[in-house]
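Please put together the full structure from these sequences, using the hints given.
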Amino acid sequence: MQGKPRLSRAAKPEREFSRSISTRTTTPSASPRDDDKMVLAKKHVPIVKKRMSFLFSLLVPAQSSSQPEYDPTNDPTNIKLLPGTKRFWRHQSDRFKCVPESWRKPKGIDNRVRRRFRGNIPMPSIGYGSNKKTKHMMPSGHKAFLVHNPKDVELLLMHNRTYAAEIASAVSSRKRVDIIAKAKALGVKVTNPKGRVTTEA
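Numbering (the UniProt record's numbering) for the sequence shown: 1 to 201.
None of these hints come from the bench; they were simulated from the model. Built from N, CA and C at the ideal position, the CB exists for glycine as well. All clues given are correct.
Simulated crosslink set (DSS-like; lysine-lysine; CA at most 25 Å straight-line):
| hint | residue 1 | residue 2 |
| --- | --- | --- |
| 1 | Lys-182 | Lys-194 |
| 2 | Lys-132 | Lys-143 |
| 3 | Lys-189 | Lys-143 |
| 4 | Lys-175 | Lys-194 |
| 5 | Lys-132 | Lys-86 |
| 6 | Lys-135 | Lys-189 |
| 7 | Lys-86 | Lys-133 |
| 8 | Lys-143 | Lys-133 |
| 9 | Lys-182 | Lys-151 |
| 10 | Lys-86 | Lys-105 |
| 11 | Lys-194 | Lys-184 |
| 12 | Lys-175 | Lys-189 |
| 13 | Lys-143 | Lys-175 |
| 14 | Lys-135 | Lys-86 |
| 15 | Lys-97 | Lys-86 |
| 16 | Lys-143 | Lys-184 |
| 17 | Lys-105 | Lys-135 |
| 18 | Lys-194 | Lys-143 |
| 19 | Lys-143 | Lys-86 |
Distance ranges between label pairs, derived from CB positions:
| hint | residue 1 | residue 2 | range |
| --- | --- | --- | --- |
| 20 | Arg-161 | Asn-131 | 16 to 26 Å |
| 21 | Arg-118 | Arg-95 | 11 to 21 Å |
| 22 | Ser-102 | Leu-155 | 25 to 35 Å |
| 23 | Arg-118 | Leu-155 | 47 to 57 Å |
| 24 | Thr-191 | Ser-130 | 11 to 21 Å |
| 25 | Gly-129 | Cys-98 | 27 to 37 Å |
| 26 | Cys-98 | Ile-121 | 15 to 25 Å |
This is the structure:
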């Protein structure tokens, strides 16, 4: 039997040199874990389509929402529209005529209302407060804005759905006519249009 031919000592370095070149030129195949890392890395790369969609949203005006506008006259929590809203009466105003009905906080050291005894009239507290949406609001759904001259009515031109003009008590009858005419031209509601203007027959 003929065995494999032995390489000479001079041929061995050439073989080792060829092996080192082959290991440098060839790259190892990527493992499945490396593929997953590449996929995760690609997810974080910014996409041009998203940027284009953002620019398109800036150019195209946004559609109006289908939600109806808030109407305070149809709000069941508006305490000013509830029939028979209770008031806070002054303690012992039902016993003495000299004590008016408007609320005054009792200050007596032995007062049973101040000490909140059971069975007595309630005292005002923060829990009885109005809803924030309807606070300081009239039954018509407007908030009062005090005006003193026709120029003040112009401030309500863009807010005529939210605020209503209320003529101050010190305004003369001549200026009241001008204020009412200005408010009618601008479409602003006036809460007291008959004050000092109408005369008795």
